[in-house]
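Chains A and B, in that order, give the protein sequences. Using numbering that gives the first Met the number 0, count along the first sequence one by one with no gaps and you end on 258. Using numbering that gives the first Met the number 0, count along the second sequence one by one with no gaps and you end on 314.
To be clear, the hints were calculated from the coordinates, so they are not data collected in a lab. In this text, a Cβ means the ideal position worked out from N, Cα and C, and glycines have one as well. Treat the hints with caution; some may be incorrect.
[To be verified] If you want a taste of the chain A side facing chain B, the calculated C-beta under 10 Å gives, among others:
{"#": "1", "residue": "Arg5"}
{"#": "2", "residue": "Val8"}
{"#": "3", "residue": "Glu97"}
{"#": "4", "residue": "Leu100"}
[What the hints assert, rightly or not] Distance ranges between label pairs, derived from CB positions:
{"#": "5", "chain 1": "B", "residue 1": "Val178", "chain 2": "A", "residue 2": "Ala78", "range": "41 to 51 Å"}
{"#": "6", "chain 1": "A", "residue 1": "Ala231", "chain 2": "B", "residue 2": "Ser146", "range": "53 to 63 Å"}
{"#": "7", "chain 1": "B", "residue 1": "Arg136", "chain 2": "A", "residue 2": "Ala78", "range": "28 to 38 Å"}
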Amino acid sequence: MLSLLRARVRIAALAIGFGFFEFVVGLSYASIDQNAIRSLIDSLPPALKALSGSADIASPTGYLGSGYIHPVALTVQGALVISMATAAARDTESGAAELILSRPLAPWRWLLAQTFAVIIGLVVVAGGGYLGGLVSTLVVNDLGSVSAGALLETSAGGVLVFAAVAGVALLASVVCRGGARALGYSAGFVVISYALNYLAQIWTLITPLGRLSVFHYFDAGIVLGRGGLALADVLVLGGIAVAAAVAAHVLVERRELVR
Amino acid sequence: MSDTRLVWAAVETAAPALDAVELTKTYGGSRGIADVSLRVEQGECFGFLGPNGAGKTTFIRLALGLLRPNQGSVSIMGTDLSENRLGALANVGYLPGELALYPTLTGVRTLDALARLHPRPPTLRDELLDLLDLERRDLGRRVREYSRGMKQKLGLIAALQHDPPVVVLDEPTGGLDPVMQARLLDYLAARSRAGRTIFFSSHVLSEVEQLCDRVAMVREGQLLLVRRVEDLPLGSLRMVRVMFSEPMPDDVYRSTNVSGLEVDGSTHRFTFTGNPAPVIAALANLPVIDLVIEPARLEDLFRNLYDPAVAEVPV
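Please construct the entire structure, taking both the sequences and the accompanying hints into account.
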């Protein structure tokens, strides 16, 4: 697969980096005083407290889970899916799409190959994060209570969030003229979505609007503590991903994919 | 029925390699191409000429289904693009005018990836590598390390490696040195003799004159003419170069049949058709120090046709 081949170095580097980050997050749990951090979090204003999610951050699951919704984790996964899912717009702009689509290949199949590549890349990077977290649970005694299965579901939750982002980015890639514009819209979706979820947590007036954010459906600490994903969250995130991707595949057949 | 008659019967009934009917494409309010009909027979070598922005690339993209026409239809080897685009494209090898390759892929990965998208096996790859002097070890390098000429060679190999029945090349010799250009043109002529259809756009007229059976010329999105090269109206067209002892204004040929006038200091270059008497009369009282009148080449016809002052096609 051409898209995967082109992104293989990026995927490998982000998987290793994400794994190392989650390992360090887990490792750092051994060095904290749980009571001290609990009282520290309790003393923080809601605006800062909301950044770590709604789980008890001093607990093993809350602490380890916070690593999966940390801005670093979100940036790593977001950067990967946006850069890969907007490839169609960049290829159209550069002229590479013209070379490929002059072969007997339907545009939707071309986009489908890119979709699979994004999903595979995302799973590999999330897998790196999972392994990093898993190793930390094996070497840090205080994290021994975190089950591998729950950690796997937490990583899967992250995959679902960014699969939804990938769907939107694919749609932007098909609709927009120019890779930079597609990238901008996709990044804007992530930033607005994150901000909306954050503000909804600290500002009761807009709390109902939080449901419009993809991040509303994934709180890693809660998922890890509960031991699994909620079916409703899976359906919403999966639904966004599939609906956006299907729309992109329908629209790509109607577009003229040349400069 | 004898073998010869069988062959002729097959030729007569064969679908055209490319058949465009009344193709029109506009971009918003601006012109693309208008009402272009063109039929290229199988085994023909066909040149598609026009200045930049004339609509050559738009026509090619429409012919390959990369753009959708506002009006008209295209078929390749008898397969209508609107009904079976992928089936039609299975017969085509295409080199875009502005070739864009993935810079991080190696040459061989690029060729393999493009080969996998085509149903015909890349049987001519080795032959083309030898023809274009592209070393095997160069194929192992990333495309971003390639020169423009090497990228063009890679694009040509990608287009031709499947031995497609219809080859569509948009400015194929761009970036190649003269030796490679000549080699490529000879190769294309050989492919044409072997029954493959070669359709290529160019503004290098000498290569069209050398290679093509027929040419079409476009200007401002309109088809000006389609002729066999030997039937082009070069017979009555004359190219004139006049050198004066001092610069002359460009209105000295008023009421003559001159067109395509170019003024370079005290030298004028132009073409005319028909009776030379008015031109000679116009020059008679001017300080001419040198005068060359010679039969026009395709290039002169081309310049003549694209002269904005020429409202009508002089053929």
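Q | In rising order, the numbers of the hints this structure does not comply with | A | Those not satisfied: there are none.
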